[in-house]
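Listed in order, the protein sequences are those of chains A and B. Residue numbers for the first sequence follow my numbering, beginning at 1 and rising by one. Residue numbers for the second sequence follow my numbering, beginning at 1 and rising by one.
Among the hints, a few may not be true.
[Said to hold, decoys possible] If you anchor each label on the Cβ, the simulated ranges turn out as follows:
#, chain 1, residue 1, chain 2, residue 2, range
1, B, 140, A, 425, 22 to 32 Å
2, A, 18, B, 2, 45 to 55 Å
3, A, 415, B, 289, 45 to 55 Å
4, B, 3, A, 352, 54 to 64 Å
5, A, 415, B, 167, 54 to 64 Å
6, A, 415, B, 3, 30 to 40 Å
7, A, 278, B, 137, 46 to 56 Å
8, B, 140, A, 415, 50 to 60 Å
[Claimed, not checked] Non-contacting residues of chain B with respect to chain A, defined by C-beta distances greater than 10 Å in every case (computed):
#, residue
9, 275
10, 406
11, 460
[What the hints assert, rightly or not] Interface residues of chain A toward chain B, partial, derived using beta-carbon atoms under 10 Å:
#, residue
12, 26
13, 29
14, 30
15, 174
16, 187
17, 301
18, 304
19, 367
20, 371
21, 373
22, 417
23, 449
24, 455
25, 465
Hints were generated in silico from the structure; no laboratory data involved. Just so you know, even glycine gets a beta-carbon here, dropped at the ideal spot from N, CA and C.
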Amino acid sequence: MQFVSFGFLVFLPVAVLINFIVPRKYRYIWLFVTSVVFYLSLDLMAFAVLAGTILVNFAGGLLIGRSAFPDKEKGLSEIVTAPDKTADRRSHKGTVLFALLILIDLAALFIFRSGSIIGAIGISFYMLKTIGYLVDVYKGSIRPEKNFVMFALFVSFFPQVVSGPIDRAGNLLPQFVYPVTVDFDRLREGLLQMLWGYILKLVLADRLAIFVGAVFDAPGSYPGTVVFIATVFYTFEIYCDFAGYSNIAIGAAKILGIDVKKNFDVPYLAASIPEFWRRWHISLSSWLRDYVYIPLGGNRKGTARKYLNILIVFAVSGIWHGSGLTFLVWGMLHGFYQVIGYLLKPLRDRGAALFGIERSSFSHRAIKVIVTFMLVNIAWVFFRADSLETALVVLRRSLEFTPWAIFDGSIFAPGLNYRNLCLLAMGLLVMAVVDIFEYRGVDIFGRVIAQGIWLRWLVAIGGVLLVLICGIWGPGYDAASFIYQQF
Amino acid sequence: MVKYKKTLKNIIMSIAFLLVLALCIAASVTVLRRKDSRYKYADFFEKAKADQIDVLFIGSSHVINAINPSVLFDEYGITSYNMGGHGSVMQATYWELKEALQYTKPKCVVVDTFLMQKNYQYLDLMYEDSDESERRSSIQQLHLNMDVWPLNDLKVEAIKDLIYDEDIQKEFLFDFLVYHSRWDELSKNDFEALTGKAEKNPYFGSEMRYGIELTPGFFPDPEEGEMLDDVTVGMFYLKRIIEECQDNDIEVIVTFYPCSATTEDKKAANSAAYICDRMDVPFVDMNDRDIVDMYTDLNDTGHLSVTGSIKVTRYIGGIIAESGDYEDHRDDPAYADWQSGADFFYDEVKDLAVDSDDIYQQLNYLSMGETGAIIYVNDGSEAFVDEEFARLIKNISGTDKFEKTRGPYILISDPGSGAVYEAFGGDLLEGADTAFGRLFYQPVEHMFRILYAEGDEDNNYLYDDGKLDYDIQIITYDRDLGDELSHKYYRSYGGRYER
């Protein structure tokens, strides 16, 4: 049962309805049951890996917690803010245990992700959750969870288990203890967010994927401009795909009474690569920042070390995304972009002063957004290509300027006809408008809900029909085709 | 209290929203559904509801092209519906019959056995060596047969019997799965389905083909009575079809319609004959009988053209009429629709005889006798060495005079009176009585000949200063009123004919 399946459209309303009826203090049990059912429907064997992860880390968390909190202070799921004191009280045994558990988790991550023994769906995501949990417990930032079901739900919460967002125990566990009431407004808002997610995924991402797939499979067969358009399309495809998924996940969690942190914040309007990473896959970026970059020393140990740490973090990010060299190159490119950006900063500052450039002006920011977008676009080519050779062919071809390909029919060769391309263009335009609203802090879903009934219904019914009619689904469609589900 | 009121209001609003949404989705499903199946069977439901169907014709595309219910009605006053399906193997035909019997109980079912040699059960698997395009085509063709039937237990049973893959089964049970993506090819007709005004098949399920196969294939006959080597899935389902009809007290006639039958096809026909003999039902193998002209009545090697269809329908109609007590509905006002359908069809044949793009086709349609015709071929024309041309002329004249001359040649066919007049070489025609008038013909010299009607001697129909280099002329006229309908000039060269 995937998000994009008939089964999920039946499962979710049942889960929501019963969740609404169950007394608040027992809702976490119901949510755990639904999460187990959801995951079992995905893969029976993979459930064994998930269960093992839960058991090992639950027990590990308790044991580490004993060393971090020897005085056994009361309370479950309670966040404390005195890591400095607890750090001193940690036993050597606790540190060894912590290191051992991290190693076990990482080993399990790489073994089961490869699928050579059992392919465990979502392991890259739920394992980062558990590692984060262990680190937080070890550091004394949170108390170890003593309620097994509660912990198991934290790891397996079904809206997040396949592709995130990678949430923190500190955010989720208190909500499981006391989930908020799902009122009519919350229900509508969650459903609207899910609908937007389905539009992004089925109408835009999967339509873009047809064009992108054809070009990346045979980049030498298409004119340069068509290849260039395919690279831009992929940049939008991966955004629509992953943001679509995240919207569905966040919306589903919302109508279950759980607030999940947002994963995207208008990333393609970022004016620099560091800003892009503050807006793209926020749950992973912040996880890498908190659990890799800062422990490595962050920017506290000198400039050279800071640059090295950045490169390490992005290398880790690349490896997390996949074992292929292309992912490492993608990650390293982002690392180098940032290091080079920092190195060139004095030069850029001097240039701006020399030419009197108003850096806060719209025109300057627009240039920066475009440059950032193109840098990200180049890096995505490596992310999408099957091999480095293919990526280089795509990049080389995309530099060949053949604009007539737009007018001589070549643009239709990769599988999208005129009407589909028009639909795509309109869809991307709508997405851009929504993103600009969001960038300016406008709560677009709240605004829609605040409208009169005819407009609300028009938007909702129009959205559902758009997905049903113009969505790419049906025979031959791979419901597990979310790009980030493979990681 | 206020809280409950608000909750109640929210529930009512939610239900109202879901109803409107369901309505919009239902409308979308109707608009987006492929209309082919509804197009073919729209009249079936209407006529079945009025209990006006005497005969059902079932089978493959051979049936679709071979049987025209309009002709059957016009000739015998018997009502029928053509249920044939493109690529319909026997098991698909069986389920088609089962579905149809939910709506009507005909007096007779005529089942064709072409494709009976197919020995696979599932249309999505076919044979091990079938390629993907064949499988796709097989699935698409089944949609034509099945889409129109509503979802019920019988349809589920049928699809499970015909399709192996569960995902593909779903696309037959919930066809929106495949048709939702038709949004980029919608036409006016798709939207007219919402008001029930979408186009429908005017020929009661049949499809007429208007081409002509000039080079049909002829294959060796098998040994006398030689049957297929294996007992095929098709044979099993033929037996089930016959049993189904017998269980429902419906007369069955099994056929094999004319085509360029391969040796394997002929063996399948022998197998069908054997089964029919064992089950005591009549089998009509039309390949064995001189019903159609294989050189003029085929649209392609597998399918009959409109002329072949008329001949075959008239023939099978005779057998049906003799086999049972069928009421002649032609003068019954309740059956006026059927007569309108027949008139529409014959008007179309007439139009094609009057104005075809291709001389072979025009000659072929003229042989149907729906219009009067005057055909003139000048001496020296390459038509005299064209065997196909000669064969078509023979179908109109009924003689082989055209083959024996090098022209000039004239043929006057007057179907209103049934008279045919021919003249060649220096022969004259004096006082040929036709609906066009009392005609006189005289060849004078190569570039000049005379054809006039009594009382209108100044009007020479066969001479036009601007058309001297055209060696063939065809004049058509209304078979009853005698009004001129068309006058075509053709020039023969290199085995081709140019207008």
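The hints, checked one at a time:
Checking the proposed 22 to 32 Å range against residue 140 (chain B) and residue 425 (chain A) shows it holds: the Cβ atoms sit about 31 Å from each other. About 27 Å separates the C-beta atoms of residue 18 (chain A) and residue 2 (chain B), a value inconsistent with the hinted range of 45 to 55 Å. Distance hint check: the CB atoms of residue 415 (chain A) and residue 289 (chain B) are about 51 Å apart, consistent with the given range 45 to 55 Å. A C-beta distance of roughly 59 Å is found between residue 3 (chain B) and residue 352 (chain A), which places it inside the suggested range of 54 to 64 Å.
For the pair residue 415 (chain A) and residue 167 (chain B), the beta carbons lie near 22 Å from each other, so the given range of 54 to 64 Å is not met. Taking the beta carbon of each, residue 415 (chain A) and residue 3 (chain B) are about 54 Å apart, not inside 30 to 40 Å as hinted. At roughly 53 Å, the beta carbons of residue 278 (chain A) and residue 137 (chain B) sit within the given window of 46 to 56 Å. Distance hint check: the CB atoms of residue 140 (chain B) and residue 415 (chain A) are about 20 Å apart, inconsistent with the given range 50 to 60 Å.
Look at residue 275 (chain B): its CB is around 36 Å from the nearest CB on chain A, clear of 10 Å, so calling it non-interface holds up. Distance to chain A confirms residue 406 (chain B) as a non-interface residue, since its nearest Cβ pair spans about 53 Å, more than 10 Å. Separation of residue 460 (chain B) from chain A is adequate, the least Cβ-Cβ distance of about 55 Å exceeding the 10 Å criterion. This hint is violated: residue 26 (chain A) has a C-beta 22 Å from the nearest C-beta of chain B, more than the 10 Å allowed.
Proximity of residue 29 (chain A) to chain B is violated relative to the hint, the smallest CB-CB distance being about 25 Å (cut-off 10 Å). Because the beta carbon of residue 30 (chain A) sits about 21 Å from the nearest beta carbon in chain B, more than 10 Å, this interface hint is broken. The interface hint given for residue 174 (chain A) is violated, since its Cβ lies 27 Å from the closest Cβ of chain B, which is over the 10 Å cut-off. At about 9 Å, the closest approach between the beta carbon of residue 187 (chain A) and any beta carbon in chain B falls short of 10 Å, and the interface hint on this residue holds.
A cut of 10 Å between beta carbons decides the hint on residue 301 (chain A): the least distance to chain B is about 57 Å, and the hint is violated. The beta carbon of residue 304 (chain A) comes no nearer than 56 Å to any beta carbon in chain B, farther than 10 Å, and the hint placing it at the interface is violated. Taking 10 Å as the C-beta contact cut-off toward chain B, the hint placing residue 367 (chain A) at the interface is violated, the least distance being around 37 Å. With 10 Å as the threshold, the beta carbon of residue 371 (chain A) stays out of range of chain B, its nearest partner Cβ sitting at about 36 Å, so the hint is violated.
Given hint, residue 373 (chain A) at the interface with chain B, is violated; its Cβ is 29 Å from that chain's nearest Cβ, farther than 10 Å. The criterion of a C-beta within 10 Å of any C-beta in chain B is met by residue 417 (chain A), whose closest approach is roughly 7 Å, and the hint holds. Residue-level restraint check for residue 449 (chain A) is violated (minimum Cβ-Cβ distance to chain B is 13 Å; threshold 10 Å). Taking 10 Å as the C-beta contact cut-off toward chain B, the hint placing residue 455 (chain A) at the interface is violated, the least distance being around 13 Å.
Interface restraint check for residue 465 (chain A): the shortest CB-CB distance to chain B comes to about 6 Å, inside 10 Å, so the restraint holds.
Checked against the numbered hints given earlier, this structure breaks hints 2, 5, 6, 8, 12, 13, 14, 15, 17, 18, 19, 20, 21, 23, 24; the rest are met.
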